[in-house]
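A.B. asks: Sequence:
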Amino acid sequence: APPQPRRPRQLRDGFVYVSRTHGLMVPLVMMAVVGTLGYNFSVLLPLLAERVFERGGGSYGALTTAMGIGALAGALAVAALHRPSRRLLVAATFAFGAFIVAVGLSPSMTAALLLLVPMGAAAVAFVALTNSLLQLEAEPPMRGRVMSLWSAVFLGSTPIGGPLAAAFASWWGTRAAFVIGGVATVLTAAFAAAHLQRRKLRAAAYLAATTMPCEPVCEEP
15 APPQPRRPRQ LRDGFVYVSR THGLMVPLVM MAVVGTLGYN FSVLLPLLAE RVFERGGGSY
75 GALTTAMGIG ALAGALAVAA LHRPSRRLLV AATFAFGAFI VAVGLSPSMT AALLLLVPMG
135 AAAVAFVALT NSLLQLEAEP PMRGRVMSLW SAVFLGSTPI GGPLAAAFAS WWGTRAAFVI
195 GGVATVLTAA FAAAHLQRRK LRAAAYLAAT TMPCEPVCEE P
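Numbers given in the working numbering equal positions in the sequence shown, counted from 1, plus 14.
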């Protein structure tokens, strides 16, 4: 699409466009919630290594390496997709939240290392699918503003979530901080799944209402 000329109120128009387009609003809300409460690895993984497993920097490095291996695998898997879908985004979000809870409750360092691999894959899949769906859903003249909002939400939510995760860990413990972030992510997936189901039911009802019955003259003899 040709570049859009500058004009007043373009930012406001972008907000209005996103708020009126469910295919854009839901992924952005998901990104805001998960980015705030789920993407806190830089805060929680050091605490997991030191306070839960009573290890040092080497173990923290092993934890991040395991997650990095999973992230690479998840990125390659998403890149191989023919086309992303909302169902796949919901599944990746649910898996991400479930693995966050599992890592937080892991009984040993070995279990945490094994669980961090699929968690890293789900984390990258969530971000990549959200990004792709927003670009595909947005109209070409609005795509730049939509992706600017996505960047603001993605980059702006994690700095807010970091202090929150640290506060949760200070008040209730490191494992509880993991569980809070994981449960919030799972609930976000449930919200998106319910919204997707409502849209499907509305579409089916609209199709049934607009489909005219065949007249007798068009019946087979």
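Simulated from the structure, these hints should not be mistaken for laboratory data.
We put the CB at the ideal spot given by N, CA and C, even for glycine.
Please note: incorrect hints may appear among the correct ones.
Pairwise CB distance ranges, derived in the manner of DEER restraints [stated by the list, open to error]:
{"hint": "1", "residue 1": "R69", "residue 2": "F205", "range": "32 to 40 angstroms"}
{"hint": "2", "residue 1": "A190", "residue 2": "V30", "range": "33 to 41 angstroms"}
{"hint": "3", "residue 1": "A87", "residue 2": "R21", "range": "25 to 33 angstroms"}
{"hint": "4", "residue 1": "S99", "residue 2": "S184", "range": "22 to 30 angstroms"}
A.B. asks: A range of 32 to 40 angstroms was offered for this pair. Does it hold for the Cβ distance of R69 and F205?
C.D. replies: Holds, at about 36 angstroms.
A.B. asks: Mind checking the hinted window 25 to 33 angstroms against the Cβ distance between A87 and R21?
C.D. replies: 44 angstroms Cβ-Cβ, so the 25 to 33 angstroms window is violated.
A.B. asks: Does the beta carbon distance between S99 and S184 stay inside 22 to 30 angstroms, or does it fall outside?
C.D. replies: violated (39 angstroms)
A.B. asks: Is it true that A190 and V30 lie within 33 to 41 angstroms of each other by Cβ?
C.D. replies: Cβ of A190 to Cβ of V30: about 39 angstroms, so the range 33 to 41 angstroms holds.
In the structure shown, a violation is registered for the earlier hints numbered 3, 4, in ascending order.
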